[in-house]
Amino acid sequence: MFRFIVRRFLWLLLVLFVVLLITFILMHLVPGGPWDREKPLAAKVVVALNKRYGLDQPLWEQFARYIGGVVHGDLGISYSYSDRNVTSILLRGLPKTATLGVLAFILAQAIGIPFGMAAALRQNTAVDYASVLFSTIFASIPGFVLGILMMIVLSVMLHWLPTSGWGSVRQIIMPVICLAALPAAQSARITRASTLEVMRQDYVRTARSKGLKESVVRVRHIFRNSLIPVVTVAGPELANLITGSFIVENLFAIPGVGRLFVQGIYARDYSLIMGGVLFYAFTIALLNLAVDVMYATIDPRIRYD
Amino acid sequence: MAVASETIAVAVRPHHTLWGDAIVRLRRNKLAMAGMGFIILLSLLAIFAPLLTPYGFAQQNYSDILLGPSSKHLLGTDQLGRDTFARLLYGARTSLSVGIFTQFIVLSIGLPIGAIAGYAGGRTDNFIMRFVDVMYAFPDLLLVILLSSVFYGTRFGGSIYMLFLAIGLVAWVNISRLVRGQILSLKTRDFVSAARAMGGMGRYLTVRHLLPNSLGPVIVSITFNIPRAIFTEAALSYIGIGVKPPTPSWGAMIQDGFGLIFAKPYMLLFPAIALALLMLSFTFVGDGLRDALDPKLRR
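Going down the list, the protein sequences come from chains C and F. Residue numbers for the first sequence follow the numbering used here, beginning at 1157 and rising by one. Residue numbers for the second sequence follow the numbering used here, beginning at 644 and rising by one.
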């Protein structure tokens, strides 16, 4: 197990390195640079700025220096927020993105798993059909359309909630629902499918034939085993939540990492873009690793070597 | 006698091919048919848009600014006096073509790469799959955003072709994984061994036996890719690095209407609902296809 984690972690580092390399190359293929303004800067100023930010050096040297910084937790100096380093900019956005992501994840599982279970235990009844229909709808409507519909109804028509901003509980409700809709629907679908599968297993029949109470069979045998696939998709789901935060943060004007990243793109802020990519790729890779480890813990049939 | 006629009755039981059977089952799926109906309707509206509305998508009319729905402007006008109904119809062209044409790029990259990895195996497979793993580590939307911002400054920046390319260059990864898996499992099947025993070699075997038999899951996956591409286009145009104005896009219309959400909420509502309905339709069709092509459910 320990060796497995170490090996996966080393592979993760290699992947992140390649991801950064690709991003670096892509960014430098972009025509124009961070000093492009409506009114062009004087050539002398550009030369001075390039020198100050190390942009006058060969590309490979810039990349090597960047990687050297990353190893020490230094993501470089932002080009658009003068005299602020990317690490501190991202750290300021991180709590917002993380709060949204974690709350949405909890909400999604709290809705999705019970609904999926209920649908499976009452297969082919109205409960089941309603659950399947709603999960299909919410799985295919994009979060930001849902956000717009909620804004129109809850903010514009009913004046219940503010449309945007960050800081109060009321401002957090819509973005969280918006992010949670898709993973809730996915969880419900997967829980339903896996519960149906588990219910037909021999060990469930054995448990019943031993004379165990139905509630015990449901909790100890069905519920626990049907959660295994749910955990597997939990990683990608959380990853989707984090990626989804791009659009949702922009929609609700939340100054999280997603919004910072998009602003970095507008401003051709190389180091902010790299920092954003690194943040997202690292988070996603780490989540997937965590899921693999958890997977082995809940399913004793799986062993790593 | 009775025995003989029974044998005949069994013998003439209609023969069901996989595809014929799938079509029958797809037809019985009401949601899938409703989705298909909406997609066809919207496609017709998009194709015949010039006949259905007297207004052009970029035609500005400063005497008719920010009007509500009326008989003159069916769904009202925006802040430049452009007709919302016209923009919605022409926007459907953008959405549908991004959704569909992107898939050609996805297939033309993902299919051969997946097939090569699956068929060649060994070191080639390992190399390709490690690259695919790296692509997987990138969040999709992030890479599309990066690519579009790279392409934005080029000659075709902000055009619909840029989006085909940016989305296609990211989305092929799923297909190549799928095709590889399919081919790996098909390779061990008897009919492939038979074809090989009869002298079938590499490319012939792949093109003639392996790929056609992995088509079902690929078609399903492509169907699910379409709404994702449509969403990506809308999202990119919404944050301002998708199609350039005045090319109509539902995402851009949402962005235009956003500042006026309190004054003119319907400006935002129409494109948002259109986007949701189109994505839902493709998902219904995809679900229907998946069930229809599931060999476990065959008669």
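Hints were generated in silico from the structure; no laboratory data involved. Only a predicted model underlies this, so the values are computations on that prediction, with no experimental measurement involved. Any given hint could be a false lead.
Every beta carbon over 12 Å from chain F, so not counted as near; a handful from chain C, in silico [unchecked claim]:
(1) 1210
(2) 1370
(3) 1371
What the simulated footprint calls covered on chain F by chain C, stretch by stretch (three residues with Cβ under 8 Å from a Cβ of chain C suffice, anywhere in the stretch; the number is not a length) [stated by the list, open to error]:
(4) 675-688
(5) 738-745
(6) 778-792
(7) 802-814
All C-beta atoms, glycine included, are put in the ideal place defined by N, C-alpha and C.
For each hint, the structure was consulted:
no.	hint	in the structure
1	1210	holds (21 Å)
2	1370	holds (29 Å)
3	1371	holds (32 Å)
4	675-688	violated (count 0)
5	738-745	violated (count 0)
6	778-792	holds (count 10)
7	802-814	violated (count 0)
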